[in-house]
Amino acid sequence: MQLAILLGFLLAASAPLINRWFGEQASFILALFPATIAAWLLSQAGTVVAGEPLLLEWAWVPSLGITLTFMIDGLSLLFGLLITIIGTCVLVYAGGYLRGSPDIARFHVAMLAFMMSMLGLVMADGLLTLFVFWELTSVTSYLLIGFNHTDLKARNSARQGLFVTVAGGLALMGGLVLLGIASGSWSFSEVLAGGEDLRQHPLYTPMVVCLLLGAFTKSAQFPFHFWLPNAMAAPSPVSAYLHSATMVKAGIYLMARLQPELGGTELWVWTLSLVGALTMFTGAFLAIHHTNIKKLLAYSTIMALGTLTMLLGIGSDYAMTAFVTFMLAHSLYKGALFMVAGILDHETGTQDVTEMGGLCRVMPVTAVIAFVTALSLSGVPPLFGFIGKELMLEAVLGAEGFQAVLLGLAFASAILTIAVAAIVAIRPFFGKVRQTPLTPHEAPFSMLVGPGLLAFGSLFFGLAPAFFGIDALLTAAASAIVGQTLEVSLSLWYGVNAALILSIVSLALGFLLFKRWDSVRGRLSVLAPIQRRGPEAGYEGVLNAIVHVSHWQTRLLQNGYMRNYILVMLVVLIALVGYSLLVRHAPVLRFELDARFHEVIVVSTMAMGALFATISRSRLGAVVSVGIMGFSIALIFILFSAPDLGITQLLVETLTVILLVLVLFRLPRFSHLSTSLERFRDGAVAAAMGVLIFLLVMTAWSIDQFEPISTYMVENSAPLAFGRNIVNVILVDYRALDTLGEMFVLALAAIGVIAMLKFNHGAPSAKRKKAPREPYDG
Amino acid sequence: MVKSGTIILNTAARFLMPLQLMFSVFLLLRGHDEPGGGFIAGLVAAGGFTLYLFAFGVSATREVLRMLDPRDLIGIGLLLGMISVVPAWFMDQPFLTAQWWTIPVIEFKASTPLIFDIGVYLTVLGSVIGMVMALMEVDKDEP
Chain E
1 MQLAILLGFL LAASAPLINR WFGEQASFIL ALFPATIAAW LLSQAGTVVA
51 GEPLLLEWAW VPSLGITLTF MIDGLSLLFG LLITIIGTCV LVYAGGYLRG
101 SPDIARFHVA MLAFMMSMLG LVMADGLLTL FVFWELTSVT SYLLIGFNHT
151 DLKARNSARQ GLFVTVAGGL ALMGGLVLLG IASGSWSFSE VLAGGEDLRQ
201 HPLYTPMVVC LLLGAFTKSA QFPFHFWLPN AMAAPSPVSA YLHSATMVKA
251 GIYLMARLQP ELGGTELWVW TLSLVGALTM FTGAFLAIHH TNIKKLLAYS
301 TIMALGTLTM LLGIGSDYAM TAFVTFMLAH SLYKGALFMV AGILDHETGT
351 QDVTEMGGLC RVMPVTAVIA FVTALSLSGV PPLFGFIGKE LMLEAVLGAE
401 GFQAVLLGLA FASAILTIAV AAIVAIRPFF GKVRQTPLTP HEAPFSMLVG
451 PGLLAFGSLF FGLAPAFFGI DALLTAAASA IVGQTLEVSL SLWYGVNAAL
501 ILSIVSLALG FLLFKRWDSV RGRLSVLAPI QRRGPEAGYE GVLNAIVHVS
551 HWQTRLLQNG YMRNYILVML VVLIALVGYS LLVRHAPVLR FELDARFHEV
601 IVVSTMAMGA LFATISRSRL GAVVSVGIMG FSIALIFILF SAPDLGITQL
651 LVETLTVILL VLVLFRLPRF SHLSTSLERF RDGAVAAAMG VLIFLLVMTA
701 WSIDQFEPIS TYMVENSAPL AFGRNIVNVI LVDYRALDTL GEMFVLALAA
751 IGVIAMLKFN HGAPSAKRKK APREPYDG
Chain A
1 MVKSGTIILN TAARFLMPLQ LMFSVFLLLR GHDEPGGGFI AGLVAAGGFT
51 LYLFAFGVSA TREVLRMLDP RDLIGIGLLL GMISVVPAWF MDQPFLTAQW
101 WTIPVIEFKA STPLIFDIGV YLTVLGSVIG MVMALMEVDK DEP
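Here the protein sequences line up with chains E and A, keeping their order. First residue of the first sequence? That's 1 in my numbering, and the numbers climb one at a time after it. First residue of the second sequence? That's 1 in my numbering, and the numbers climb one at a time after it.
No wet-lab data here; the hints were simulated from the structure. Possibly wrong hints are sitting among the right ones.
As the list claims (entries may be wrong) - Calculated lysine to aspartate or glutamate pairs in the DMTMM-like style (CA-CA distance at most 20 Å, straight line):
id, chain 1, residue 1, chain 2, residue 2
1, E, Lys515, E, Asp352
2, E, Lys758, A, Glu34
3, E, Lys515, E, Glu355
4, A, Lys109, A, Glu63
5, E, Lys432, E, Asp345
6, E, Lys295, E, Asp352
7, E, Lys758, A, Asp69
8, E, Lys758, A, Asp72
9, E, Lys295, E, Glu536
Said to hold, decoys possible - The following label-pair restraints were derived from C-beta to C-beta distances:
id, chain 1, residue 1, chain 2, residue 2, range
10, A, Trp100, E, Glu742, 22 to 32 Å
11, E, Arg590, A, Pro104, 50 to 60 Å
12, E, Val697, A, Glu34, 21 to 31 Å
13, E, Val697, A, Ile83, 35 to 45 Å
14, E, Thr711, A, Glu34, 17 to 27 Å
15, E, Pro643, A, Arg14, 41 to 51 Å
16, A, Pro104, E, Met756, 25 to 35 Å
17, E, Trp552, A, Trp100, 26 to 36 Å
18, E, Arg155, A, Arg14, 55 to 65 Å
19, E, Val547, A, Ile83, 42 to 52 Å
20, E, Met756, A, Thr11, 46 to 56 Å
21, A, Arg14, E, Ala755, 27 to 37 Å
22, A, Thr102, E, Trp701, 21 to 31 Å
23, A, Ile83, E, Asp197, 48 to 58 Å
The structure displayed is predicted, hence computed values, not measured ones. Backbone N, C-alpha and C fix where the C-beta goes; we use that ideal spot for every residue, glycine too.
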């Protein structure tokens, strides 16, 4: 499986080549890949459903105990199947939707990479593995939302989605680390087998808060829901896949995964049920404000995500059954509906449902698909959505806390959802024919297969749940969430009960609402000013604040004056090092003057050079006196038998002189710009630095807490590293990684210098006008 | 603005540069046992080229370098540094573990640290003369 995922990433990388070789068939060829994985998952389904999770081990960083182990239990299997099967449908669909687009290769790259990240996410056993895949989905979805990168709106939406989910990802990382610390294990299978102690752990509250922040942002829960409708700037296949079936469910997946270990506490139940219910209602309520078909569907997706969170919060066995059923139903119908929305957009040239009408005559197949899936969305028997909704209402009726609140919100959302379903399925296809920007005709076969298949699922999973093995699959998934074996039997008829009555009433009210939609929408526009102050405004505010702060701090700390940079660096260094020196170790002063005569001469030469550099009235004088210091240091190295360092110091000094010669002509007049107060400040900083280094050296000299590492290096240099020059052995063997890093730093610095000079030289006048050269004050 | 072309400097540079280059290679190869090594050798070679640059200017130096732009030298150096990492993987040892081979006929001890050191050498050389050349080219273009 790990190999399959790596292969998938490779395939993503080679998608441009496949596009070149196979042209328009590339989508279908690439679609074979997720289809194969789906087939493999199905072949493993028997064992997993029997309650035997599949553990595929793979060491990744053995020295840190980090593994790339995959665990496939019922929950992962359900998600994995959804990802691969809907992924196949979406790829085929995209082959038609993006036909002839020059960017289709780019789409394939991002889409396949996303698919693999998502698959890795739901199968990861390691906490950190999950996090890596989690972030990968954020990045790839950023690329997919911003697919139409020439469109400013798409770019902004992509960035918004990225910021919100990545901010949540940061919280998630904190949460996972806390979880790892609290449970003492970095793998889900061990954490879940860990026992009861996590709920009593002192880290429980911060851990849950962090984890839920991650999950809520990813799954667009209130108040982070605003990014999802904006993400509809993505092409329809992306919306169908990421924003209904897979990515937004990653947060839901995480909560479900952690439910057996962390769930059941008051904090968990309250947060999840209330936030879930609120999200559910917000999504459903905001949906009917919109006439854009994709926005309608996006808000109703928020409603569904809220429902799922709420069900996890309720947490009863019944609610878990409802959770898995509702999720499967939702993925099927919402994926199909988004693809239908894409077809409508593609064929008519508009996304506004009020501009469409009477399309059922020109696109009958699409109309049938839309109708079936919308019925499933509204929960009409005998469709699969009905079972999901029935179970959901039943679970809410059985909720222990806030039953009235949850029930009220769930009922209201059901009514609104039915209205949305009716708007999406009836408005475009029935009524009188309207003029649309493009002349509509039936979509090509490739665009109908995917939604058709999903609509078929919506219909027949409802009619015969046991026949397709859906029963068993959902049982396994629900058992994985509960942590013990559950019995799930789905059927269309549970007898006349409260849930059924609520269902029927909501159907009637929902249809009524649909009939009066146009006038209701008019009245709802009164609420617009309130919405403008919603969470999205908060997001904008935070973003602006960050931009302001960074402007301010850049002006303050990085204003382009070399002297300022040096000052800031030195002051920070003195403060931090000085603090820890004074607090941790009392500075030790222990003089033993047994210097030889020639050493005294070298040192006093050095001191004189330093002194002269500060008082010199010419630049050349200052440069020369600094040079004297450098050469004296080289001399000290040689005197204390460090020839390598001595040679290096000499060479560096020489090259410094050469570089100075080259730039000396270009420097402005040597003048004094600073006031005497500033000079006094600079002198104080310099003196403090000198004193600090002096104390540091004295203290370091008198402390030996550890065996000096040099003995090890001296002893092993020749036998292990086959070299007698220890300095060189350290550079190229013991500490080769450091040297490698330094090589890159040096190369980057050189490239920076070259680029800066060439750039300046390319457009001299423009550059100079913008930044008049500041006189150098020596 | 760096004046090139005094007779003494030209003559000296013509003789000194090959000597310095040879000396740098000598330093590079003996670096593992005696004072020397890639960094120092790179600086010495860069010194040689810089002398040549001062004497004959940028375009003449480019001719001496032939196809090799200093920037390419940086790239090759980094590449060698990375390549030296690889053999340890095939020996199933941790990243960057040194590997030693003796080439039979000339009894020369080849090793990944040597490849690595050559990488350091080329990176240092490329960086320094790249910077110096860029600075001199800017000088030349300005009135």
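> Measuring from beta carbon to beta carbon, are Ile83/A and Asp197/E in 48 to 58 Å?
Replying inline: Roughly 50 Å apart at Cβ, these two residues keep to the hinted range, so it holds.
>> Assuming the hint says 26 to 36 Å, is it satisfied by the Cβ distance from Trp552/E to Trp100/A or not?
In response: Once the Cβ atoms are compared, 56 Å apart, the range 26 to 36 Å for Trp100/A and Trp552/E is violated.
>> Can you tell me whether the CB distance of Trp100/A to Glu742/E sits inside 22 to 32 Å?
In response: For Trp100/A and Glu742/E the Cβ distance comes to about 24 Å; the hint holds.
> Does the Cβ pair Arg155/E, Arg14/A satisfy 55 to 65 Å?
Replying inline: holds, 58 Å
>> Taking the Cβ atom of Pro643/E and the Cβ atom of Arg14/A, is their distance within the range 41 to 51 Å?
In response: violated, 30 Å
> Is the distance from the Cβ of Pro104/A to the Cβ of Met756/E consistent with 25 to 35 Å?
Replying inline: violated, 49 Å
>> Against the range 35 to 45 Å, how does the distance between the Cβ atoms of Val697/E and Ile83/A compare: consistent or not?
In response: holds, 40 Å
>> Given the hinted pair Lys758/E and Glu34/A, is their Cα-Cα distance within 20 Å?
In response: Answer violated: Lys758/E to Glu34/A is near 40 Å, above 20 Å.
> Holds or violated: Lys758/E with Asp69/A, Cα cutoff 20 Å?
Replying inline: Roughly 15 Å separates the two Cα atoms, so the pair holds.
> Going straight from one Cα to the other, do Lys432/E and Asp345/E come out at no more than 20 Å?
Replying inline: holds, 18 Å
> Between Arg14/A and Ala755/E, does the C-beta distance stay in 27 to 37 Å?
Replying inline: holds, 32 Å
> Do the beta carbons of Met756/E and Thr11/A sit within 46 to 56 Å of each other?
Replying inline: For Thr11/A against Met756/E, whose Cβ atoms are near 35 Å apart, the range 46 to 56 Å is violated.
In the structure shown, a violation is registered for the earlier hints numbered 2, 4, 15, 16, 17, 20 and 22, in ascending order.
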